[in-house]
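Undergrad: What follows is each chain in one-letter form.
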Amino acid sequence: MTAPGTEAEPAPTGRAGEILLEADGVSKVFPGVRALNDVSFTLRTGEVHALVGENGAGKSTLMKILSGLYQHDGGEIRLRGERIVLPTPLSAQQMGISVIHQEFFLMNHLTVAQNIFIGREPKTMGFLNDDAALNRQAEELLDRLGVNIDPRARVSTLTVAAQQMVEIAKALSFNSSVLIMDEPTAALTETEVETLFRIIGNFLSPTTAVVYISHRMEEIRKLSTQVTVLRDGEFVATKPASELTIPDIIQLMVGRKIASDIRPEPRASTEPILEVKHLSTAPLLKDVSFTLEKGEILGFAGLMGAGRTETARALIGADPMTDGEVIVGGKPVKITHPADAVAEGIGYLSEDRKRYGLILNQDVTANTVLASIPAFTKGGILQDGKMKQVAQKWVEVLRTRTPSVNQRIRNLSGGNQQKVVLAKWLERDCDVLIFDEPTRGIDVGAKQEIYDLLDKLTDEGKSIIMISSEMEEVLRMSDRIAVMCNGRITGFLDNSEATQEKIMELATQFSVIEDNTSEVQS
Amino acid sequence: MTAMQDTAVTGRARRGIPDRYKAFIQQGMVVLVLIVLVIFFTAMKPNFASWGNISSLLLASVVTGVQALGLSFVIATGGIDLTPGLGMAVTSVFGAVLIAQQGGFGLPMWVGILGCLAAGALLGLINGLLVAYVKMQPMIATLAMMMVCWGGALVLADGRTVSLRSIEGYDQIAVGQLIPQVPNGVLILIVLAVIAGVVMNKTAVGRYALAIGSNEEATRISGINTNRWKVLAYVICGLFTGISGVLMSSRLSAAQPTLGQGYEMYAIAAAVIGGTSLRGGRASIFGAVIGAVTIQTIFNGLTVMGVQDQWQKVVLGAVVLLAVYVDIMRRGGKEE
Amino acid sequence: MTAMQDTAVTGRARRGIPDRYKAFIQQGMVVLVLIVLVIFFTAMKPNFASWGNISSLLLASVVTGVQALGLSFVIATGGIDLTPGLGMAVTSVFGAVLIAQQGGFGLPMWVGILGCLAAGALLGLINGLLVAYVKMQPMIATLAMMMVCWGGALVLADGRTVSLRSIEGYDQIAVGQLIPQVPNGVLILIVLAVIAGVVMNKTAVGRYALAIGSNEEATRISGINTNRWKVLAYVICGLFTGISGVLMSSRLSAAQPTLGQGYEMYAIAAAVIGGTSLRGGRASIFGAVIGAVTIQTIFNGLTVMGVQDQWQKVVLGAVVLLAVYVDIMRRGGKEE
Amino acid sequence: GSDSGNGGGTTDGGRVALIAKANSAEYWMKVKEGAEAAGKELGVEVTFNGPDTESEGDKQLNQLQTAINDKPLGIGFAPQDGAQDGAPRLMDDAQAAGIPVVVFDTPLAGSDVPLATVASDNEGMGAQAAEKLVELTGGEGKVAIIAHGEVGTAAARRDGFRDYIEQNAPGMEVVDVQNGESDPAKSRDKAQGILQAHPDLVGFFGTDDDSTIAIADEVDAKGLHIKVVGIDSSPDVLTLLTEGKIAGVIVQNPFNMGYQTVELLVNASKGEEPTEKNIVSESIWVTPDNIDSEEVQQVIG
Ligand SMILES: Nc1ncnc2c1ncn2[C@@H]1O[C@H](COP(=O)(O)OP(=O)(O)OP(=O)(O)O)[C@@H](O)[C@H]1O
Ligand SMILES: Nc1ncnc2c1ncn2[C@@H]1O[C@H](COP(=O)(O)OP(=O)(O)OP(=O)(O)O)[C@@H](O)[C@H]1O
Ligand SMILES: O[C@H]1[C@H](O)[C@@H](O)OC[C@H]1O
Ligand SMILES: [Mg+2]
Ligand SMILES: [Mg+2]
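Residue numbers (this note's numbering), protein chains in the order written: chain D, 1 to 522; chain Y, 1 to 336; chain C, 1 to 336; chain S, 1 to 301.
It is worth saying that the hints were derived from the structure and are not from the lab. Be aware that a few hints might be false.
[Stated by the list, open to error] With a cut-off of at most 25 angstroms between alpha-carbon atoms, the simulated DSS-like pairs for lysine-lysine come out as follows:
| # | chain 1 | residue 1 | chain 2 | residue 2 |
| --- | --- | --- | --- | --- |
| 1 | S | K40 | Y | K45 |
| 2 | D | K393 | Y | K202 |
| 3 | D | K388 | Y | K202 |
| 4 | Y | K45 | D | K334 |
| 5 | D | K294 | D | K123 |
Since this is a predicted model, take the numbers as computed values, not measurements.
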């Protein structure tokens with residue numbers, strides 16, 4: 001790892017490799033779930049310590065305990081050998097433990113600067129907030145991190161990536177010695193990931209350490225020095241990264257071997273099921289046109305903010321389109337509301353499952369049947385038994401980890417929540433399914449299951465649009481790939497010709513196109 | 001696979017009560033509070049427990065009960081409706097003006113009843129459209145509509161009470177006794193509660209209302225026309241407001257334009273005592289009725305005991321706090 | 001790095017107007033509505049614009065204005081307080097009982113004033129504790145406390161109006177004129193608005209209130225003791241309620257236990273007309289004052305025009321709907 | 001809808017502004033009718049206003065202030081309880097502006113400015129109701145009261161009734177007083193509760209029409225034979241009287257109050273001082289027996 005920069009890190013007084021933070025025999029029980037059972041974890045200075053495990057293995061729970069968000073039921077936590085208690089997140093921060101949580105914790109109505117320095121505002125006259133100084137401080141911090149975000153902008157107006165960067169900036173503003181990152185790259189694309197890695201590199205010093213949680217194995221290989229594996233709330237192993245290959249890690253995580261997948265033969269079809277012409281939205285999308293053939297998977301690749309989600313949302317009527325035409329099965333249709341889309345047999349699985357996918361306080365059954373209520377209604381009355389059966393069926397098919405179909409979604413881990421969203425759309429039996437980041441936050445084992453499922457669906461004649469920021473996934477799954485950049489489709493690639501390089505080329509074409517248009521216009 | 005099954009097994013066997021039983025416990029609590037109150041008042045004044053008193057007490061709960069039933073649908077969607085109180089005033093005056101012999105149009109009784117219900121549904125429709133399509137915050141939209149109702153009732157009644165005493169049989173709607181010793185109003189409340197219970201728990205209306213109250217965006221993206229269902233919830237609430245208008249004017253044999261101010265607060269309190277969460281996504285029809293009865297039990301019991309009005313309000317406030325506190329404790333001090 | 005920087009640029013330079021100017025535009029709108037109303041009423045009755053009338057109108061806005069100021073802090077946190085109305089009743093009665101010669105303790109005037117303010121702060125403290133620590137929904141907690149206040153005021157006053165006419169100078173607090181032609185009440189409102197503006201926009205209280213209203217969890221995780229700050233917001237609101245109690249009783253030279261029911265609705269309406277969002281995270285101090293003045297302008301203007309009181313509520317309802325509608329349109333039909 | 005309460009007729013004579021305790025209810029509408037009738041006869045415009053409820057003293061003061069600012073020919077004012085202490089200052093303002101004021105319905109303490117007060121004797125009415133009830137029941141047994149408020153005229157009538165019983169009917173006891181807030185539903189519930197606690201009542205008093213109707217209906221519903229007496233009339237009170245469900249009510253003369261108020265103000269504007277400062281508006285005791293008499297019909301018609 002690179003040496004720290006000249007930034008305001010705490011003065012290095014120790015040596016790399018000393019024990020910094022320890023969890024010793026920590027347990028945590030939630031109603032219905034034993035999330036952690038006698039787990040030990042040791043973090044040493046100077047290391048990037050990867051924490052891996054399947055969905056629901058307990059990674060986030062462990063980190064929430066180490067950052068004062070949750071209280072553990074058993075075991076103890078030590079910082080530099082001394083036993084500590086962390087009753088609140090503040091106490092953790094004061095001891096130098098900063099976290100970037102899997103979920104964002106930002107105050108939408110406040111500005112970037114106000115978010116970063118909340119609770120630490122510079123004052124004049126002892127009690128008046130000095131906003132000018134605050135903005136200056138934030139600007140300096142953001143510049144130092146190499147991110148160009150206006151400190152005066154309201155957070156609600158930022159992109160997901162920019163929000164993630166604000167979270168990171170905030171965590172780093174504490175000059176902490178421990179930085180915990182829970183899937184920080186889930187919302188980032190490759191270039192942004194590079195920025196993040198550089199930031200992590202700058203942070204590391206002989207007195208600091210990073211805990212890094214991710215489902216992306218390449219990142220773990222690239223970044224980490226130590227790897228700890230959790231499985232079902234139990235500690236499995238801690239090993240130097242150099243001693244592990246990716247298949248080793250996966251085997252430790254899932255306790256079984258994953259068949260390395262082979263892309264099935266491209267499916268040939270000439271029957272367009274969905275045609276989108278000249279789709280535009282204000283202000284981003286311009287003239288997006290594509291055709292989805294029956295039985296194919298059309299991948300959508302692009303950098304963060306390229307407009308893929310926006311395309312999907314406009315297409316299903318979740319956001320208004322300013323222009324464009326949608327043709328389903330040969331006949332033009334008017335879609336102004338998601339209900340219209342579903343009526344036309346188009347379902348959309350959102351990238352943000354908590355906001356757009358799930359009813360968190362309802363149970364697995366209610367969520368599974370949500371899009372198919374009329375099918376469970378007889379004479380106006382809902383049939384509870386039938387709904388439960390169906391939910392149970394999908395739990396088994398998708399191997400969703402839940403105590404029962406009566407469990408509230410809130411209590412499932414991220415990945416298992418994602419499976420329930422999948423079940424909802426599979427149950428609705430749409431002809432066209434738009435999957436937006438279907439494997440975001442899903443562990444490798446479950447990922448493979450979802451891939452198999454997508455294949456099976458296309459075999460059954462369903463057509464799929466798959467939006468994904470994981471290049472490998474797009475390459476592996478798609479018959480054809482549409483690449484977007486800056487609100488336009490910059491090219492289509494056939495499965496046979498597509499490579500990471502070609503996708504990247506198309507995905508970064510926006511400056512060229514932008515220049516072209518300005519020339520045309522002038 | 002084994003590991004997974006293990007989690008599942010442990011999960012099931014763990015301490016803590018499964019969610020689906022919690023609702024029953026909550027309702028059990030509410031009923032318990034009510035029973036304690038009844039025992040207390042009976043001990044203080046044995047007279048309290050006479051059927052005559054109980055049946056008048058129940059009759060007195062009908063208006064708040066009906067309003068709380070309707071309100072449950074709106075609250076389920078995460079909204080609120082402040083119009084039941086003065087909406088009752090304006091709908092009852094409207095219905096009364098249609099049928100009153102003096103100062104009215106003298107139309108047949110059923111026209112007045114339908115008029116009252118229709119006015120309620122229309123009020124709900126306007127509330128619903130403002131909330132769902134104009135995207136106003138429910139509290140504000142219905143606060144404004146409450147003011148409109150208030151003025152509207154006075155304007156319609158031209159400042160007077162509209163007497164319905166001369167309408168043969170109008171008072172029987174609420175106070176008549178199809179079943180001996182049971183006022184029709186009470187019967188109507190029970191029937192409405194059963195209907196509301198089925199609609200809330202066993203039909204798409206309730207299912208979607210609760211889904212919208214939990215996560216509107218997710219419900220919408222699931223292909224459900226959330227706006228339409230939301231409007232429907234407000235229309236149902238308005239319809240129940242209209243029904244309460246009929247029942248109130250029947251009980252009093254008159255429609256009074258100023259009667260209703262603050263009544264929405266009782267309806268809200270009834271729903272809350274019954275375990276409905278104002279955060280949306282949760283509703284208890286049974287609880288709403290019990291809540292309304294609890295409120296009247298407090299008022300009636302204290303009156304029977306000769307306690308002054310001012311204290312009755314203090315006690316009601318305390319009981320609301322207690323009911324909510326118990327509910328919160330039951331859920332382990334956490335929000336849903 | 002280009003991609004990265006571009007993302008950031010998207011974040012910064014969204015179409016349209018920078019956020020920090022939007023607040024001014026919103027307030028401009030509110031002021032515009034007010035100006036239109038003033039022009040309309042002056043055209044109808046030139047008398048309306050006489051300074052005598054304007055100053056009585058402003059004096060009449062003071063109570064709602066002060067309550068709306070306090071309420072802004074609670075609403076900023078995403079909460080609501082229904083106690084300003086009857087809280088005003090109970091605090092003013094409490095203060096009055098301390099100093100009244102007849103039916104009171106005859107203590108010095110300043111004791112009464114302090115007592116009234118302290119009672120308000122205490123009320124706010126209870127509300128705040130119920131919301132922040134017992135985790136009650138603000139609407140329910142304050143609804144229950146509203147009932148407690150209602151009964152409490154009647155109990156304290158023993159059902160009567162407590163006259164303060166014999167207290168030398170008490171009426172001068174609101175109606176005296178330190179500055180010729182400007183009632184002190186108006187002066188006090190202006191001073192309080194300036195203080196509230198500074199506290200809301202320039203101190204930790206306001207910053208954290210708005211942060212809590214935007215995302216309480218995030219604020220808490222940022223190490224802010226959200227509960228404590230939330231309580232403080234309610235205490236401020238209660239304190240302003242107490243101030244409104246002093247001003248009201250000074251204006252009436254009496255404390256009336258029943259006066260205040262429904263007044264919280266005017267305060268809420270004032271805050272909303274002024275551009276505060278009941279969803280929390282957003283507040284406008286200047287807007288709250290303008291909102292209160294707008295309400296009184298409607299009432300006063302219509303009275304001057306000879307329009308009956310019942311129509312005033314209808315018009316107020318319509319203006320609230322309009323103000324909110326304009327605000328929603330300005331934001332492009334979307335929520336914040 | 002009535003947007004100005006314009007009395008019609010010629011209006012060149014100027015305008016008289018009446019500010020009542022409320023802008024609705026049978027009673028106030030009768031005051032308005034009387035005032036408008038006087039306006040028509042005397043050639044002045046009459047505006048009539050009042051708050052929506054009788055417990056909005058500050059609103060009433062606003063209306064009074066607005067009326068003064070507008071400089072009408074004269075102002076008629078029925079002070080709400082909450083406006084009692086704040087109004088005297090505004091009376092001075094009215095005097096300074098040269099606007100004559102007549103107080104009606106409820107006396108205003110603490111100001112000599114009003115030319116005259118036209119009001120019923122509220123304590124007296126309460127006492128009279130008690131007196132009649134004693135006559136009707138023989139002065140033995142329990143009685144109860146539902147008042148339409150805790151203050152003002154409600155309190156005066158309540159206290160007048162109670163004091164009379166205490167002083168003049170040793171065999172009688174006021175066992176309960178409850179506040180029905182002028183809310184007919186609530187009054188009904190209170191009546192029910194009281195009857196439940198004291199089924200052996202011999203008499204029941206309501207301080208206004210809403211309370212009296214509620215009592216009579218509840219007594220009737222329970223099939224009890226209790227003498228119900230009250231104050232104020234409305235069409236429903238009269239129906240209950242004729243049906244014998246109310247034994248008797250004391251009826252004020254709101255029409256006259258309105259008429260007299262306007263008359264006094266118009267005269268004052270012509271420089272005629274009223275002969276008396278306190279004009280007691282007559283009230284009459286109405287029973288099923290005398291309801292059809294001419295004297296009564298004149299008042300309630
Ligand atoms: N607040 C909670 N209440 C109940 N159960 C919970 C809660 N939080 C987590 N759990 C459960 O604890 C277990 C561990 O969850 P955790 O979020 O730590 O998993 P994870 O390893 O971070 O998974 P993922 O990779 O999907 O994010 C899961 O079974 C989850 O359902
Ligand atoms: N109203 C708007 N004004 C300006 N920019 C907007 C607006 N709405 C969305 N954007 C921006 O447009 C970009 C498109 O986002 P979108 O979510 O469609 O991208 P994407 O390609 O799906 O990326 P990902 O799914 O990886 O987030 C985002 O940067 C978003 O913030
Ligand atoms: O005299 C009137 C009284 O002042 C008012 O309060 O109620 C109506 C009438 O009884
Ligand atoms: Mg996790
Ligand atoms: Mg996307």
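Undergrad: Could you run down the list of hints and mark each one as holding or not?
TA: Status of each hint after checking the structure:
Between S:K40 and Y:K45, the direct Cα distance comes to roughly 58 angstroms. Violation of the 25 angstroms bound is thereby established for this hinted pair. For the hint linking D:K393 to Y:K202, the alpha-carbon distance of about 22 angstroms falls within 25 angstroms, and the restraint holds. Restraint check for D:K388 and Y:K202: satisfied, since their Cα atoms lie roughly 14 angstroms apart, inside the 25 angstroms limit. Restraint check for Y:K45 and D:K334: not satisfied, since their Cα atoms lie roughly 69 angstroms apart, outside the 25 angstroms limit.
Restraint check for D:K294 and D:K123: not satisfied, since their Cα atoms lie roughly 63 angstroms apart, outside the 25 angstroms limit.
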